[in-house]
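All chains should be built: construct the whole structure from the sequences, respecting the hints.
2 protein chains.
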Amino acid sequence: MKKYMKNAIEIAKKGVRKGNSPFGACIVKGKTVIAVAHNTVLKRKDATDHAEINAIHKACKKLRNHELRGCTIYSTTEPCPMCFSAIHWAKIDKIVFGTKIADVKKLGFSELTISAGKMKKLGRSKVKVRGDYMRKKNLELLKMWEKKKGKTY
Amino acid sequence: MKKYMKNAIEIAKKGVRKGNSPFGACIVKGKTVIAVAHNTVLKRKDATDHAEINAIHKACKKLRNHELRGCTIYSTTEPCPMCFSAIHWAKIDKIVFGTKIADVKKLGFSELTISAGKMKKLGRSKVKVRGDYMRKKNLELLKMWEKKKGKTY
Numbered sequence: 005m006k007k008y009m010k011n012a013i014e015i016a017k018k019g020v021r022k023g024n025s026p027f028g029a030c031i032v033k034g035k036t037v038i039a040v041a042h043n044t045v046l047k048r049k050d051a052t053d054h055a056e057i058n059a060i061h062k063a064c065k066k067l068r069n070h071e072l073r074g075c076t077i078y079s080t081t082e083p084c085p086m087c088f089s090a091i092h093w094a095k096i097d098k099i100v101f102g103t104k105i106a107d108v109k110k111l112g113f114s115e116l117t118i119s120a121g122k123m124k125k126l127g128r129s130k131v132k133v134r135g136d137y138m139r140k141k142n143l144e145l146l147k148m149w150e151k152k153k154g155k156t157y
Numbered sequence: 005m006k007k008y009m010k011n012a013i014e015i016a017k018k019g020v021r022k023g024n025s026p027f028g029a030c031i032v033k034g035k036t037v038i039a040v041a042h043n044t045v046l047k048r049k050d051a052t053d054h055a056e057i058n059a060i061h062k063a064c065k066k067l068r069n070h071e072l073r074g075c076t077i078y079s080t081t082e083p084c085p086m087c088f089s090a091i092h093w094a095k096i097d098k099i100v101f102g103t104k105i106a107d108v109k110k111l112g113f114s115e116l117t118i119s120a121g122k123m124k125k126l127g128r129s130k131v132k133v134r135g136d137y138m139r140k141k142n143l144e145l146l147k148m149w150e151k152k153k154g155k156t157y
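Order-wise, the sequence lines are chains U and P.
Heads up: the first sequence begins at 5 in the working numbering, then just goes up one per residue.
Heads up: the second sequence begins at 5 in the working numbering, then just goes up one per residue.
Treat the hints with care, since some could be wrong.
The list makes no distinction among identical chains, and a pair is therefore deemed to hold if it is satisfied within one copy or across any two copies.
Stated by the list, open to error - In silico lysine to aspartate or glutamate, DMTMM-like type, Cα no more than 25 Å apart, as pairs:
1) Lys124 / Asp107
2) Lys130 / Glu14
3) Lys22 / Glu71
4) Lys49 / Asp97
5) Lys98 / Glu150
6) Lys18 / Glu71
7) Lys109 / Glu71
8) Lys153 / Glu71
9) Lys95 / Glu150
10) Lys152 / Glu14
11) Lys62 / Asp107
12) Lys122 / Asp107
13) Lys17 / Glu71
14) Lys65 / Glu150
15) Lys47 / Glu71
16) Lys140 / Glu71
17) Lys66 / Asp136
18) Lys110 / Glu71
19) Lys7 / Asp107
20) Lys124 / Glu150
21) Lys153 / Asp97
22) Lys33 / Asp107
23) Lys18 / Asp107
Quick caveat, the hints were computed from the structure, so don't treat them as lab data.
The model shown is predicted, which means the values in this text are computed figures rather than measured ones.
Structure representation (structure tokens):
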């Protein structure tokens, strides 16, 4: 499992170097990586271009299916309610995330303060959720972004 | 205001005729229509292609900005949590919707049962929300879709 989260962290770092926000995602089916993507909101100037949305878009295209049953998504940070809901719609089986929404809210991101766990409970979604995965490595990613000069949100 | 919701209904009907789900959205800034879009999940095989996401994508591209301040979005049905959150991220001022999430859940759509009002409250979002707008016309749209043979979700 570690290598899939490492993929998500690596693509997020690539995104940060290009001037994007520090978020990455990796979608896996069985042992096959289907899609990796970083956040592109700032560089592509699109509010919906979160890492998870970009990864789902790529995965749907690759598998030619709007349903991604049997897949797991690795997110460097807990998916926001937009991404959680997109994961629900895509019928992805499981979410594994590193840092929490609360961690990035502290950094200034205007998150809707609703955790993935709360979204799952309120929306009665079947998606499995596991947090705090490789938290240390994911915190390092956020620190890398924090140190960057001229960053925007 | 009516003509903007009519735009959303018309594009949704166009989408239904092409085999898509019965949802449309129209984004307006001042008196200018910035973008209209229908749901394309089934035809483009992408789980994230809800009408509102498609409309935000088009509007961001048109205005070359990931923030759509000063805009109002007209949705034929209450935005799902994915779309509500996308609207929050895009910093759209106001949502005006017709039918409710509860109406389309009855039709078989696997909605996360969280209303836009609840999302706003829980997420402490500043976006204004007005529902039940032109409800009758929007219910007619859902009925048009219900009568269609061979529909999928």
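Hints and how they fare:
no., hint, in the structure
1, Lys124 / Asp107, "both (20 Å within a copy, 21 Å between copies)"
2, Lys130 / Glu14, "neither (29 Å within a copy, 34 Å between copies)"
3, Lys22 / Glu71, "between (31 Å within a copy, 20 Å between copies)"
4, Lys49 / Asp97, "between (30 Å within a copy, 18 Å between copies)"
5, Lys98 / Glu150, "neither (29 Å within a copy, 32 Å between copies)"
6, Lys18 / Glu71, "between (28 Å within a copy, 23 Å between copies)"
7, Lys109 / Glu71, "between (30 Å within a copy, 18 Å between copies)"
8, Lys153 / Glu71, "between (40 Å within a copy, 22 Å between copies)"
9, Lys95 / Glu150, "between (34 Å within a copy, 23 Å between copies)"
10, Lys152 / Glu14, "within (16 Å within a copy, 46 Å between copies)"
11, Lys62 / Asp107, "neither (27 Å within a copy, 31 Å between copies)"
12, Lys122 / Asp107, "both (16 Å within a copy, 23 Å between copies)"
13, Lys17 / Glu71, "between (28 Å within a copy, 24 Å between copies)"
14, Lys65 / Glu150, "neither (33 Å within a copy, 28 Å between copies)"
15, Lys47 / Glu71, "between (28 Å within a copy, 13 Å between copies)"
16, Lys140 / Glu71, "neither (32 Å within a copy, 32 Å between copies)"
17, Lys66 / Asp136, "neither (29 Å within a copy, 38 Å between copies)"
18, Lys110 / Glu71, "between (34 Å within a copy, 21 Å between copies)"
19, Lys7 / Asp107, "within (23 Å within a copy, 43 Å between copies)"
20, Lys124 / Glu150, "neither (30 Å within a copy, 29 Å between copies)"
21, Lys153 / Asp97, "neither (38 Å within a copy, 30 Å between copies)"
22, Lys33 / Asp107, "neither (28 Å within a copy, 34 Å between copies)"
23, Lys18 / Asp107, "within (21 Å within a copy, 43 Å between copies)"
Consistency with the previously given hints fails for numbers 2, 5, 11, 14, 16, 17, 20, 21, 22, ordered from lowest to highest.
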